[in-house]
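Based on these hints, arrange chain B on the given structure of chain A.
There are 2 protein chains.
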Amino acid sequence: MATDLLHRRHKLLGEQAPLFYQEPLHIVKGEGVWLYDADGKRYLDVYNNVPNVGHCHPKVVAALSDQAATLNIHSRYLHDTILDYGEQLLATMDSSLEMLFLCCTGSEANELALRMARKFTGKQGVICSNASYHGNTTAVDALATLFNNGQPNGPHVEAVDYPNEYRPLQGLQGQALIDAHLQQIRIAITKLESQGSGFAGVLFCPLLANEGLPNTPPGYMQQMADLVHYHGGLLIFDEVQAGFGRSGSMWGHQNVGVTPDIMSLGKPMGNGHPIAATICRRDIGEFFRAEVMYFNTFGGNPVSCAAGKAVLDVFEEENLLNNVLNIATYLRTACLSLAEQYSLIGDVRNRGLFFALELVEDPVTKTPASQASQFIVNAMKAEGVLISNIGEHGHILKIRPPICFSKENADQLVHCLGHCLQLWQAQQHRGT
Amino acid sequence: MATDLLHRRHKLLGEQAPLFYQEPLHIVKGEGVWLYDADGKRYLDVYNNVPNVGHCHPKVVAALSDQAATLNIHSRYLHDTILDYGEQLLATMDSSLEMLFLCCTGSEANELALRMARKFTGKQGVICSNASYHGNTTAVDALATLFNNGQPNGPHVEAVDYPNEYRPLQGLQGQALIDAHLQQIRIAITKLESQGSGFAGVLFCPLLANEGLPNTPPGYMQQMADLVHYHGGLLIFDEVQAGFGRSGSMWGHQNVGVTPDIMSLGKPMGNGHPIAATICRRDIGEFFRAEVMYFNTFGGNPVSCAAGKAVLDVFEEENLLNNVLNIATYLRTACLSLAEQYSLIGDVRNRGLFFALELVEDPVTKTPASQASQFIVNAMKAEGVLISNIGEHGHILKIRPPICFSKENADQLVHCLGHCLQLWQAQQHRGT
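First to last, the protein sequences are chains A and B. Position 284 of the first sequence, counting from 1, maps to 283 under numbering that gives the first Met the number 0, and the rest follow consecutively. Position 16 of the second sequence, counting from 1, maps to 15 under numbering that gives the first Met the number 0, and the rest follow consecutively.
Extracted from the complex, chain A is given alone in its bound form (with noise of 0.2 Å):
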């Protein structure tokens, strides 16, 4: 059976289309943190965080399907839902963050939110980490340094390395370590406007997720948003990932205590409907608004709204953002003994429920792990737990449930996490 589905597939996606493990999963249902197989197998969701309040929370599926069955169109008539949910989003960040722009996917919020600071500024030049990715259209993707490596993949764009405290440059610590980021941000600066660019921002990801969650040291956000400002730029976050409770506050910007000029929102916003959005100061939505005819034919249609003010209700409802900071307490200890049994573990970081667990070889030398993350990623969906794996090298692991997850959940986790690294120990030693 899922050899014929794989067939088909390579047929009508291509070989190449992104597909999960080693040997692929033929998911049929979804219920809260679960997955189901076909034939019946029970996984343990602690991947996907777009199902963010539990995949198909009925308040969610019932709200979608009311406003399906009354009314689905796009948001050139006045309507009650896009109006209420926007309010409702904007209220839970700073007020500085005034204008919404809805529309479908991460991608097109990046897309939008690169337009509107280029008009805004009259200038091209971007700055982005040097293993980002933010989305797959052209100008989007000309910061996808992840897949290239660590180089712009378009122009107008420079690419710096991202602050990390477990491999800083340099070996540098504390505001020297700053300093030198900040210094590689000059230069690149220097660089966009010595080449004609001109500077018009930094797109970050306040978490730097994809990056692999590094620890940076404190005060550098700020700093860096004075020194981008400084110099005429906007601030853009893209809180894709970060958004929506994911590190414990609401927004990754509160997480670390810098607003941006400009977000972008997506992945958990409708908890699986494609719902994405930008947000932006008063000043530069209407300078953009005036500039540009800009229309999304599904963006805010009232379905994609109802779906998104139901992710925010139950949010509330259900106290998830307490849950968010209280089972990350409990798993971050849990990890961090697992940390001191396995010498593997080189670090344990997290922002609230989202978790990265850097592998290394040797907690001296540092060196990726890329294959033991490989294996216990493997291991772990053979024993019923979903986990991925990040970074440019992918050898840190990537934990990331729905945030409903209960102590309950991060112990079946932590077990077989524990049991995991054990097999790929014991398989190490058979292999010396």
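Keep in mind that a hint or two might mislead.
No distinction is drawn between identical chains; accordingly, a pair holds when it is met within one copy or between any pair of copies.
[Stated by the list, open to error] DSSO-like, lysine-lysine: derived pairs with alpha carbons at most 30 Å apart:
no.	residue 1	residue 2
1	40	190
2	58	118
3	365	190
4	365	40
5	118	365
6	190	118
7	58	28
Just so you know, the hints here were simulated from the structure itself, not pulled from any lab data.
Coordinates of chain B only, in the frame set by chain A:
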């Protein structure tokens, strides 16, 4: 109430966020060909092509709701629905169109089409018409000549005049008119090559919908395709408006008798649900997959595919293609009869249930009657019939109902249109 909504909307989305009609409509419900406002007033929808099989079609709503309650996840696990849907979709088109890339919006579909064409040919240059719009991302917006006085809006793009038998270049006809337009394409290719962009292909809507649905001289599309291929370019058809039976053929390219190398789909694909696609030849798709890590988080999720599949099922079960042909013939006769009564109607054109009535101040000078068009669109709305206008001067009435449109619906439309033409005429006489 509407005033309050408008005030909130201006604050949240900006005063310049696109809105229909001089007095915006507050729509709360949709059913079949009908829309209802907050006061319970019913409008015949003769504008919206997205809810193609009818607003809130129960079968589509049920498919969407059932799947949303069962599983909604990305396409990196195996799933039946994406394959069942994709195979059913591709079975409706030429067998050379073998590979499917699912995304969420027409903009994303055209983005991907451009990325594919550029990767596959290794060239950057693209030719579009001088009154085109294909979406809102940076690369696609470079082709938005409709909002930029006929000029490209970014690098690597050349615009050519679109063929139009009603307003032919230099008064030419038949093959001479074709030759003049092919010559423009040759010149554009030479220009792209001499600038160093090279020639990647042509991106056209096969019906030239945003251009105002001009009648093109028979043979033009095939000769244009041959010329493009001769120069090593690819033919990309934007079927976002042309597809799904609108033209009386399942696909716009079948309607014009030319199979593209790459095509994009969007708007009516999920009857309002955000689903879109790029479809291409196998060699192009496999080349792109091998070169580029393309992934779209929401693209091809089971809910989107269930909605898309239900649309195809309804299409067949209700024999909607046949309905398009029947009603189009009926409506065309009625519109031609109105055109005999009112010299304001300079030209009646249609492709299936997409009608363009070009309004002119004088049948000889053919001066665009933009004011009359504005008046009629708003007057018809007041009488409960929703249409819109298109074209560089906004002087072409755009008539494009859900394709479940009946004879009775067509009668109401024609009656209302006749009355509003009369109102305009009376107002003009009073004015003189």
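Hints versus structure:
| no. | hint | in the structure |
| --- | --- | --- |
| 1 | 40 <-> 190 | neither (54 Å within a copy, 60 Å between copies) |
| 2 | 58 <-> 118 | neither (40 Å within a copy, 44 Å between copies) |
| 3 | 365 <-> 190 | neither (32 Å within a copy, 54 Å between copies) |
| 4 | 365 <-> 40 | neither (37 Å within a copy, 69 Å between copies) |
| 5 | 118 <-> 365 | neither (43 Å within a copy, 38 Å between copies) |
| 6 | 190 <-> 118 | both (20 Å within a copy, 28 Å between copies) |
| 7 | 58 <-> 28 | both (17 Å within a copy, 21 Å between copies) |
In this structure, the earlier hints numbered 1, 2, 3, 4, 5 are contradicted, and the remaining ones agree with it.
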